[in-house]
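Undergrad: For reference, the chains in residue letters:
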Amino acid sequence: MHLSSSQTRRSKAEPTIALINIVFLMLIFFLVAAQIAPPLEQGVKLVSTTDLDNREPPDALVVMADGLMTYRGASVTPAHYVTIKQEAGPDDLDIIRLVPDRDLSAVKLIQISAELKALGAGKIMLVTEQGLEMK
Amino acid sequence: MTSLIDVIFLLLLFFMLSSTFSRFADVELGTRGGTGAAAADLVPAFIKLSEGRTSLNGAPLPVDDLARELAHQQSVNRINVLIVSVDATANSQQLVDILLIARKLPGLGLQIVQ
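Going down the list, the sequences are from chains S and A.
The numbering of the first sequence is this note's numbering, which starts it at 173 and goes up by one.
The numbering of the second sequence is this note's numbering, which starts it at 10 and goes up by one.
No lab work stands behind these hints: they were computed from the structure.
Check each hint, because a few of them may be wrong.
[Said to hold, decoys possible] Keeping only pairs whose Cα atoms sit at most 20 Å apart, straight-line, the calculated EDC-like set for lysine to aspartate or glutamate is:
1. S:Lys289 - A:Glu37
2. S:Lys295 - S:Asp231
3. S:Lys217 - A:Asp106
4. A:Lys113 - A:Asp73
5. S:Lys217 - A:Asp50
6. S:Lys280 - A:Glu60
7. S:Lys289 - S:Asp225
8. A:Lys113 - S:Asp263
9. S:Lys295 - A:Glu37
10. S:Lys295 - A:Asp106
11. A:Lys113 - S:Asp264
12. S:Lys295 - S:Asp263
13. S:Lys280 - A:Asp50
14. S:Lys289 - S:Asp263
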C-alpha cells in the first residue's frame, strides 16, 4: 500500500504547455514553408531545371516514362483530357500544362503536344521541378 | 486543454501530409512568337539530340557548352533560328535543356522536328 501510494505521487502530469508550444511551432513551420499540392502520380520523376520562375504546384496532365497519361489519378487520352478541360472552363484550353517524366522519349512528348494542339489547345507548357541550388 | 492539443495535432498532420516542398516551374514547348525574319533571311543552326548526346551542326558538343557556342554563333554567323532534330532515343530532360538554352538567347527562333 505504501509502495503504490509513493508511485502514484511520483507520476506527475505531462508538461502540456511545452508540448503545445512545440506542436504549434511545427504547425507554423509547415504552414509557412510548404505549399498544399494536389498529389502527382506516384513514381513520376520530373524534368529538373534550375533557373525558371517558380509557380504553384501543378494540376495537370502527367505523362509517365512509358507514354501513359494520367490526370488526377485516372488514366486519360489527350482527347479525354481536352474534353475535361473544356467542361471545366472555356478558357482552360488556352494553356495546357503537361508534366512529363524526365525519361519520357522526346519524340513521344512532341507527338502528344501536337495531338493536343490539333484538339484545340493553345500554348503547351511543360512543368518541371526546380532545383534547389540558386543561380 | 487536451481537446486543444488534439485539434492542433490534427491540423499539423493535415498540413504535413498534404503539402509539398518541391518547387515547380514551367517552360513553353516551342517558340515564343518567331524571329520576325522572312524565310529568305533565316540562318539556321542545327541541333541533333540522341540518347545522352547533343551535336551542333554535325559536331558533337556537350550540353554545358551549347549556350556559349550558340551565343558565339549568334554574334559571328548571325544565326536566328535553331532547328532541333529529336532522335527516338532522346528523352524529355534533354529537350527541356535545349528549350531553356534557347529561351535565354534573344532573337533566336526554335523549330522542333523529328
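Undergrad: Given the hinted pair lysine 113 of chain A and aspartate 263 of chain S, is their Cα-Cα distance within 20 Å?
TA: Roughly 29 Å separates the two Cα atoms, so the pair is violated.
Undergrad: Can you confirm whether the C-alpha distance between lysine 289 of chain S and aspartate 263 of chain S stays at or below 20 Å?
TA: 14 Å, holds
Undergrad: Check the hint pairing lysine 280 of chain S with aspartate 50 of chain A against an upper bound of 20 Å on the C-alpha distance.
TA: 31 Å, violated
Undergrad: Between lysine 280 of chain S and glutamate 60 of chain A, is the straight-line Cα distance small enough, at 20 Å or below?
TA: With Cα atoms ~14 Å apart, lysine 280 of chain S and glutamate 60 of chain A stay inside 20 Å; holds.
Undergrad: Tell me if the straight-line CA distance from lysine 289 of chain S to aspartate 225 of chain S falls inside 20 Å.
TA: 25 Å, violated
Undergrad: Within 20 Å, alpha carbon to alpha carbon, are lysine 217 of chain S and aspartate 50 of chain A?
TA: Violated: lysine 217 of chain S and aspartate 50 of chain A sit about 41 Å apart, past 20 Å.
Undergrad: If you draw a straight line from the CA of lysine 113 of chain A to the CA of aspartate 264 of chain S, is it 20 Å or shorter?
TA: With Cα atoms ~27 Å apart, lysine 113 of chain A and aspartate 264 of chain S exceed 20 Å; violated.
Undergrad: Under the criterion that the straight-line Cα-Cα distance not exceed 20 Å, is the pair lysine 295 of chain S, aspartate 231 of chain S satisfied?
TA: Since the Cα atoms of lysine 295 of chain S and aspartate 231 of chain S sit roughly 16 Å apart, the hinted pair holds (cutoff 20 Å).
Undergrad: Starting from lysine 113 of chain A, check that the Cα of aspartate 73 of chain A is at most 20 Å away, please.
TA: 14 Å, holds
Undergrad: CA of lysine 295 of chain S to CA of glutamate 37 of chain A, is that 20 Å or under?
TA: 7 Å, holds
Undergrad: Within a Cα-Cα threshold of 20 Å, do lysine 217 of chain S and aspartate 106 of chain A meet the stated pairing?
TA: Roughly 15 Å separates the two Cα atoms, so the pair holds.
Undergrad: Does the alpha-carbon distance linking lysine 295 of chain S and aspartate 263 of chain S stay inside the 20 Å limit?
TA: 12 Å, holds
Hints 5, 7, 8, 11 and 13, counting from the list given before, are not met by this structure.
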